[in-house]
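Enquirer: Sequence:
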Amino acid sequence: MRKGIHPENYRLVAFKDMSNDDVFITKSTAEAKETITVDGVEYPLVKLEISRTSHPYYTGKTKLVDTAGRIDKFKNKYKKFSKDEKKAE
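0 is the number of the first residue of the sequence shown in numbering that gives the first Met the number 0; add one for each residue after it.
These are computed hints drawn from the structure, not numbers from a lab. There's no promise every hint is true.
[Unchecked claim] In silico DSBU-like links for lysine-lysine, alpha-carbon gap of 35 Å or less:
#	residue 1	residue 2
1	Lys46	Lys78
2	Lys76	Lys15
3	Lys46	Lys72
4	Lys46	Lys32
5	Lys32	Lys15
6	Lys72	Lys32
7	Lys82	Lys72
8	Lys74	Lys32
[To be verified] What follows is a set of in silico ranges between Cβ atoms, one per label pair, in the way DEER data are often shown:
#	residue 1	residue 2	range
9	Asp21	Phe80	34 to 40 Å
10	Asp71	Ala31	27 to 33 Å
11	Glu41	Lys78	43 to 49 Å
12	Ile4	Thr58	34 to 40 Å
13	Ile49	Arg10	20 to 26 Å
14	Ala29	Lys76	35 to 41 Å
15	Asn8	Gly39	19 to 25 Å
16	Lys74	Glu30	33 to 39 Å
Heads up, the beta-carbon is just placed ideally off N, CA and C, and yes, glycines get one too.
Generate the whole structure from the sequences, applying the supplied hints.
Expert: As structure tokens, then:
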């Protein structure tokens, strides 16, 4: 291997899927501010919204939980009941 082309901070990192709390450990250079202890060993923690354990393609489930758009969906559904809409009528 050529010297000087590989990153210096290549280490074991824990990735946590926040939708189902699955944790897997692999080598990475990803920056992490938090840590997690797995089997008595402390690893840098990178949080994921979706991973191989929750993605519909890999799980075979057709429903994907949309955590980011829940508030927007709620506001759109009930905006006809807001006070601003009644004043416009």
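Enquirer: If a hint holds in the structure, say so; if it doesn't, say that too.
Expert: Each hint, compared with the structure:
no. : hint                      : in the structure
1   : Lys46 / Lys78             : 33 Å, holds
2   : Lys76 / Lys15             : 32 Å, holds
3   : Lys46 / Lys72             : 25 Å, holds
4   : Lys46 / Lys32             : 10 Å, holds
5   : Lys32 / Lys15             : 13 Å, holds
6   : Lys72 / Lys32             : 32 Å, holds
7   : Lys82 / Lys72             : 18 Å, holds
8   : Lys74 / Lys32             : 33 Å, holds
9   : Asp21 / Phe80: 34 to 40 Å : 39 Å, holds
10  : Asp71 / Ala31: 27 to 33 Å : 30 Å, holds
11  : Glu41 / Lys78: 43 to 49 Å : 47 Å, holds
12  : Ile4 / Thr58: 34 to 40 Å  : 37 Å, holds
13  : Ile49 / Arg10: 20 to 26 Å : 24 Å, holds
14  : Ala29 / Lys76: 35 to 41 Å : 37 Å, holds
15  : Asn8 / Gly39: 19 to 25 Å  : 23 Å, holds
16  : Lys74 / Glu30: 33 to 39 Å : 34 Å, holds
This entry satisfies every hint, going by the numbered hints stated previously.
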